[in-house]
Amino acid sequence: MYLWVVTAAVLLPPLIMGIFAVLQKIKRNKDIDMKDEDFIVEISDSIISMGVMIDLVSAGIMVGFTIFTENLPPLIFYAVFGLLFWIGSFLIYRTLTFKVIVKDKKIAVYSSFGKTYYLSFSDLDSAARQYKPGKTGYEKIRVKTASGKSFTVKSREICYKYFKERIKSEIPTEKLVGFGVE
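Take the sequence shown: its letter number 46 is residue 46 in full-length UniProt numbering, and every next letter is one higher.
Honestly, the hints are just simulated from the structure, not real lab data. Wrong hints could be hidden among the right ones.
Stated by the list, open to error - In silico lysine to aspartate or glutamate, EDC-like type, Cα no more than 20 Å apart, as pairs:
id: 1; residue 1: Lys103; residue 2: Glu157
id: 2; residue 1: Lys106; residue 2: Glu170
id: 3; residue 1: Lys105; residue 2: Glu170
id: 4; residue 1: Lys154; residue 2: Asp125
id: 5; residue 1: Lys105; residue 2: Asp123
id: 6; residue 1: Lys164; residue 2: Asp123
All chains, full assembly: derive it from the sequences and hints.
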């Protein structure tokens, strides 16, 4: 009895969050009508497959060792593989929910764990680009608004280069930090 309660406590919340995230993404994709000058910055769908693999392996190991061994595994076993399951679920949830939609002069930021907010390029106060020459592919832009909100877009996300060029053209150069280094 104790074992099923622990397993359900570990597996159920991420599964429910994942179901809601999938439903939210399906609804959001129906509402979008994109043109050539508009784009969506989002995390690659390959991260979903990585999260699914982590979830399947960790859940399979937890359930397999629970069912097919005589003695129950220690609690630390469930803590480690439960944490792996939560990490995989976080990857799936973040990929399904994080999105920055740029349409004309407007930006919609769909945050994974916060509220969705809408703003325009005129609301942007500053943008800082972090770039490490020694690390290939590591780059991110942190954008701050006049109202104090901020969001980060990383180079591994789809349409990052479009977003970077749009930021360079829309925000005055005195409010840009780190955009001179390529």
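Results of checking the hints against the structure:
no.: 1; hint: Lys103 <-> Glu157; verdict: 17 Å, holds
no.: 2; hint: Lys106 <-> Glu170; verdict: 11 Å, holds
no.: 3; hint: Lys105 <-> Glu170; verdict: 9 Å, holds
no.: 4; hint: Lys154 <-> Asp125; verdict: 19 Å, holds
no.: 5; hint: Lys105 <-> Asp123; verdict: 10 Å, holds
no.: 6; hint: Lys164 <-> Asp123; verdict: 17 Å, holds
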